[in-house]
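Q: Residue strings, one per chain:
Number of protein chains: 4
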Amino acid sequence: MVCVAHLREKPELTNPVLIEGLPGIGFVANIAVLHLIRELKANRFAEIYCSSFQDFAVTVEKGQTRHPVNELYYHKGKAGERDLIILYGNTQALTTTGQYELCGRILDISKELGCRFVITLGGFKREQEVNTPKLYVAATDKETVSKLLNVGAEIIKGQIFGVAGLLVGIGRLRGFRGFCLLAETLGLYPDSVASRKVLKVICDMLDLEVNLDSLDETVEVTRNLLENFGLIERPLMKKGKKESQFRWFV
Amino acid sequence: MVCVAHLREKPELTNPVLIEGLPGIGFVANIAVLHLIRELKANRFAEIYCSSFQDFAVTVEKGQTRHPVNELYYHKGKAGERDLIILYGNTQALTTTGQYELCGRILDISKELGCRFVITLGGFKREQEVNTPKLYVAATDKETVSKLLNVGAEIIKGQIFGVAGLLVGIGRLRGFRGFCLLAETLGLYPDSVASRKVLKVICDMLDLEVNLDSLDETVEVTRNLLENFGLIERPLMKKGKKESQFRWFV
Amino acid sequence: MVCVAHLREKPELTNPVLIEGLPGIGFVANIAVLHLIRELKANRFAEIYCSSFQDFAVTVEKGQTRHPVNELYYHKGKAGERDLIILYGNTQALTTTGQYELCGRILDISKELGCRFVITLGGFKREQEVNTPKLYVAATDKETVSKLLNVGAEIIKGQIFGVAGLLVGIGRLRGFRGFCLLAETLGLYPDSVASRKVLKVICDMLDLEVNLDSLDETVEVTRNLLENFGLIERPLMKKGKKESQFRWFV
Amino acid sequence: MVCVAHLREKPELTNPVLIEGLPGIGFVANIAVLHLIRELKANRFAEIYCSSFQDFAVTVEKGQTRHPVNELYYHKGKAGERDLIILYGNTQALTTTGQYELCGRILDISKELGCRFVITLGGFKREQEVNTPKLYVAATDKETVSKLLNVGAEIIKGQIFGVAGLLVGIGRLRGFRGFCLLAETLGLYPDSVASRKVLKVICDMLDLEVNLDSLDETVEVTRNLLENFGLIERPLMKKGKKESQFRWFV
Chain B
26 MVCVAHLREK
36 PELTNPVLIE
46 GLPGIGFVAN
56 IAVLHLIREL
66 KANRFAEIYC
76 SSFQDFAVTV
86 EKGQTRHPVN
96 ELYYHKGKAG
106 ERDLIILYGN
116 TQALTTTGQY
126 ELCGRILDIS
136 KELGCRFVIT
146 LGGFKREQEV
156 NTPKLYVAAT
166 DKETVSKLLN
176 VGAEIIKGQI
186 FGVAGLLVGI
196 GRLRGFRGFC
206 LLAETLGLYP
216 DSVASRKVLK
226 VICDMLDLEV
236 NLDSLDETVE
246 VTRNLLENFG
256 LIERPLMKKG
266 KKESQFRWFV
Chain L
26 MVCVAHLREK
36 PELTNPVLIE
46 GLPGIGFVAN
56 IAVLHLIREL
66 KANRFAEIYC
76 SSFQDFAVTV
86 EKGQTRHPVN
96 ELYYHKGKAG
106 ERDLIILYGN
116 TQALTTTGQY
126 ELCGRILDIS
136 KELGCRFVIT
146 LGGFKREQEV
156 NTPKLYVAAT
166 DKETVSKLLN
176 VGAEIIKGQI
186 FGVAGLLVGI
196 GRLRGFRGFC
206 LLAETLGLYP
216 DSVASRKVLK
226 VICDMLDLEV
236 NLDSLDETVE
246 VTRNLLENFG
256 LIERPLMKKG
266 KKESQFRWFV
Chain R
26 MVCVAHLREK
36 PELTNPVLIE
46 GLPGIGFVAN
56 IAVLHLIREL
66 KANRFAEIYC
76 SSFQDFAVTV
86 EKGQTRHPVN
96 ELYYHKGKAG
106 ERDLIILYGN
116 TQALTTTGQY
126 ELCGRILDIS
136 KELGCRFVIT
146 LGGFKREQEV
156 NTPKLYVAAT
166 DKETVSKLLN
176 VGAEIIKGQI
186 FGVAGLLVGI
196 GRLRGFRGFC
206 LLAETLGLYP
216 DSVASRKVLK
226 VICDMLDLEV
236 NLDSLDETVE
246 VTRNLLENFG
256 LIERPLMKKG
266 KKESQFRWFV
Chain E
26 MVCVAHLREK
36 PELTNPVLIE
46 GLPGIGFVAN
56 IAVLHLIREL
66 KANRFAEIYC
76 SSFQDFAVTV
86 EKGQTRHPVN
96 ELYYHKGKAG
106 ERDLIILYGN
116 TQALTTTGQY
126 ELCGRILDIS
136 KELGCRFVIT
146 LGGFKREQEV
156 NTPKLYVAAT
166 DKETVSKLLN
176 VGAEIIKGQI
186 FGVAGLLVGI
196 GRLRGFRGFC
206 LLAETLGLYP
216 DSVASRKVLK
226 VICDMLDLEV
236 NLDSLDETVE
246 VTRNLLENFG
256 LIERPLMKKG
266 KKESQFRWFV
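Residue numbers (my numbering), protein chains in the order written: chain B, 26 to 275; chain L, 26 to 275; chain R, 26 to 275; chain E, 26 to 275.
Source of the hints: derived by calculation from the structure; they are not laboratory data.
You may find that some hints are simply not true.
Because identical chains cannot be distinguished in the list, a pair is counted as satisfied if it fits within a single copy or across any two copies.
[Stated by the list, open to error] EDC-like cross-link-like pairs, simulated, lysine to aspartate or glutamate; straight-line CA separation at most 20 Å:
#1 Lys-103 to Glu-37
#2 Lys-136 to Glu-72
#3 Lys-87 to Asp-229
#4 Lys-167 to Glu-86
#5 Lys-172 to Asp-232
#6 Lys-172 to Glu-86
#7 Lys-136 to Asp-238
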């Protein structure tokens with residue numbers, strides 16, 4: 026199977042931008058993109074799962090199961106806004122090969138829908154707390170780098186791992202332009218400050234009308250989902266948690 | 026090849042339920058499902074093997090070889106009983122990817138036969154012996170959770186690994202409903218008490234007429250098979266065993 | 026690619042037996058089968074290589090390269106002899122998945138040529154030197170076990186790893202009968218005593234006229250090939266060897 | 026996806042030779058081949074990427090992203106020169122399986138373009154610095170070995186890992202002739218002396234008019250690319266580098 030994509034509908038979009046928001050350092054992208062989905066009331070149109078995701082199910086409060094999955098949403102822009110394809114999910118692939126397969130599939134679907142520009146987000150890990158996180162950028166081409174330098178970002182030096190790097194990297198080989206935007210973060214918990222920072226830049230660039238007042242609510246939703254997936258500690262239930270950390274696969 | 030399924034026949038079933046019983050903690054599912062097969066005289070209609078199973082053959086008493094394999098049986102319900110597809114076997118897949126491939130294939134076959142509901146069973150590992158094992162549940166939807174809470178199960182908190190989690194998790198993405206039912210167990214040996222507990226709930230729910238008197242016989246059969254596969258210790262032949270634990274693959 | 030098979034010709038065979046002889050403990054199978062090929066002047070008709078073989082080339086004395094490969098030979102039996110398909114090679118696959126793919130491919134080709142019986146050979150590792158190695162057997166069915174018990178073999182208890190186990194194990198699932206025959210060996214070097222022992226049984230069973238006088242020559246050829254592949258130590262050139270054990274892959 | 030090849034054009038070539046130049050010990054091949062591309066003004070006609078490459082993007086000075094990739098160039102020979110297919114890139118595959126897939130794909134494309142001869146280059150690692158590096162050779166056939174012995178190369182004893190070994194090894198199974206030519210090197214940095222040595226032999230053999238005066242420039246270009254990819258240390262910026270060596274994939 027490798028990667029299976031269930032498409033519920035095939036949206037009609039005009040020159041859409043793909044925005045990535047999978048879990049990563051500080052969950053900067055994950056929060057930012059969930060906030061976009063909530064505020065824009067974006068429509069889920071595809072679910073993707075891969076054999077390189079974790080092989081477990083997870084339970085939420087009322088005993089219902091959730092599965093490692095990636096989802097695609099669309100937003101048809103109003104009055105000058107850009108059309109969007111939004112990649113959201115609770116996991117990246119566990120293996121290098123899986124990451125390639127996942128990104129390949131996402132770019133396939135996006136290209137089919139007319140998309141030629143990809144934005145990936147993330148956290149730039151720091152050892153020390155920073156009050157005003159700086160932004161860092163890398164892009165497929167000089168023009169795009171310039172635009173981001175103009176809004177105050179600095180250039181990323183080094184390697185960009187994971188989906189944030191691959192979508193821009195493979196994308197370039199497939200004729201996409203795009204950039205990766207990172208905000209400084211300690212990276213130890215869902216970081217609303219860093220998320221707000223990248224989100225603001227994205228909204229300005231794409232003329233999106235998004236209210237950031239309720240961002241902290243989105244952070245809470247993210248924190249809850251992550252706890253269920255064991256991606257972050259559940260601070261107030263440590264005793265209860267021990268018990269639930271079992272594996273019963275032989 | 027990935028996963029190869031040999032179908033001996035394509036049974037005509039009405040709204041069948043898939044019940045999973047592969048080896049896992051305490052072999053709770055493995056025993057329960059073998060007992061169903063024996064008591065209902067279910068018919069084997071498919072054998073599945075995957076490149077992610079162990080790469081060995083195993084010998085049974087008289088020198089005959091057995092191979093890592095999963096099998097599907099069917100039971101056409103009599104007088105009010107639900108039709109069943111029963112998944113039995115001596116192994117799960119060894120890798121995450123393999124587990125996805127295996128579960129994907131099983132759901133494919135089940136869906137083709139009209140199945141939209143999946144039940145997975147297992148043991149919930151405890152450090153201390155429990156006299157009356159409790160039951161735990163997670164399900165694809167609220168209604169199904171409720172039904173199981175009504176028969177005394179509690180909600181699973183955390184992650185459900187292996188085929189027990191995946192069949193329900195991927196199943197949900199493919200339009201299946203279902204649940205995972207676990208019984209507390211030390212998990213160190215084939216646990217007839219825990220098996221009896223889950224089996225009783227399943228039989229009541231599906232109106233299956235199954236005599237549980239001979240369950241201990243089924244436990245013995247299971248213990249024998251597992252010893253051959255090296256999944257559990259052969260208590261009375263330790264000296265003889267050393268000798269037979271060789272690998273001759275370079 | 027997974028496994029690529031180059032067929033040079035498609036031989037016309039009558040009810041042929043597949044005999045496996047890949048490298049393994051004591052190189053028992055490898056020697057036995059090479060001797061069959063040499064003495065019967067069997068014809069190479071296929072070369073198989075897999076992405077799960079080692080990723081290197083090897084040089085032989087005059088600077089020519091050799092590659093990890095499996096080969097199939099055929100022998101059309103004369104006067105009462107059984108037709109043969111002989112599997113020879115300088116490697117097994119490196120991964121579990123690879124072993125399945127390799128064996129699946131070999132059984133595909135064999136079945137296509139009318140083969141329904143598979144013999145695998147090997148060494149049964151002992152810690153102490155044995156003067157007269159005993160034979161051990163496991164088979165797909167009782168009748169075949171009996172035949173081998175009649176020639177003095179004992180029953181294998183436990184797990185048979187690698188191609189020797191898989192070909193018989195998967196073979197059974199695909200409608201092949203067959204057996205695995207092992208001879209006791211220290212397993213530290215190409216063992217001509219153990220090889221002679223299994224070869225004698227095979228030749229008797231299949232009415233093959235094979236002269237075993239020159240078996241030690243075959244052992245020498247095997248030793249040479251193995252040294253080139255780094256599978257065994259090159260005893261007389263240790264100084265020279267250090268230098269050649271380099272890797273230049275980054 | 027495994028390996029994806031984007032062909033920009035399908036060049037018309039006459040009996041071309043494939044020359045491999047991926048990163049390896051001392052970057053001997055990488056430098057030599059890049060120099061051929063620069064001096065011959067070879068045309069890039071294909072880009073290949075595989076799911077077994079690293080899953081990251083890399084940034085170059087001005088913030089632009091580069092991706093792990095292999096590229097194919099062609100050169101139509103002038104006046105007696107041989108037509109060439111040149112394999113260049115910034116990575117080999119990370120896994121054994123990946124190396125097979127990559128080499129298989131490259132041989133497919135080359136065969137399709139009429140190529141039946143493959144040359145791979147590399148460094149032969151030495152512990153001590155050598156002033157005048159010796160050349161070592163292995164080849165698919167005696168005639169080719171002889172030709173290289175005539176220009177002063179010695180025979181490689183042992184195993185040739187990576188693409189340098191596989192292209193010649195698998196190539197032979199697919200009907201290619203060819204050789205692997207290595208020059209002694211410390212292997213710790215891009216080695217212009219070793220590169221010059223192999224390049225000179227190749228140019229003589231294929232009657233290529235290539236000026237080697239500017240080879241040191243090519244070495245500098247190579248060093249720069251490798252630093253961006255983290256394959257070699259960036260000597261003058263160690264302080265700055267610490268900061269950029271982050272991973273932000275969860």
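Q: Take the hints in turn and mark each one as holding or not.
A: Taking the hints in turn, this is what the structure says about them:
Only within a single protomer do Lys-103 and Glu-37 lie at most 20 Å apart by alpha-carbon distance; the minimum there is 14 Å, versus 51 Å between protomers. Taking the shortest alpha-carbon separations for Lys-136 and Glu-72, both the intra-copy value of 17 Å and the inter-copy value of 19 Å come in at or below 20 Å. Taking the shortest alpha-carbon separations for Lys-87 and Asp-229, neither the intra-copy value of 39 Å nor the inter-copy value of 23 Å comes in at or below 20 Å. Taking CA atoms no more than 20 Å apart as the test, Lys-167 paired with Glu-86 passes between copies only; the shortest distance there is 11 Å, against 48 Å inside one copy.
Only within a single protomer do Lys-172 and Asp-232 lie at most 20 Å apart by alpha-carbon distance; the minimum there is 14 Å, versus 49 Å between protomers. Proximity of Lys-172 and Glu-86 under a CA criterion of 20 Å is satisfied inter-copy only: 16 Å between copies versus 44 Å inside one chain copy. In the homo-oligomer, the alpha carbons of Lys-136 and Asp-238 never lie at most 20 Å apart, since the shortest distance is 33 Å inside one protomer and 46 Å across protomers.
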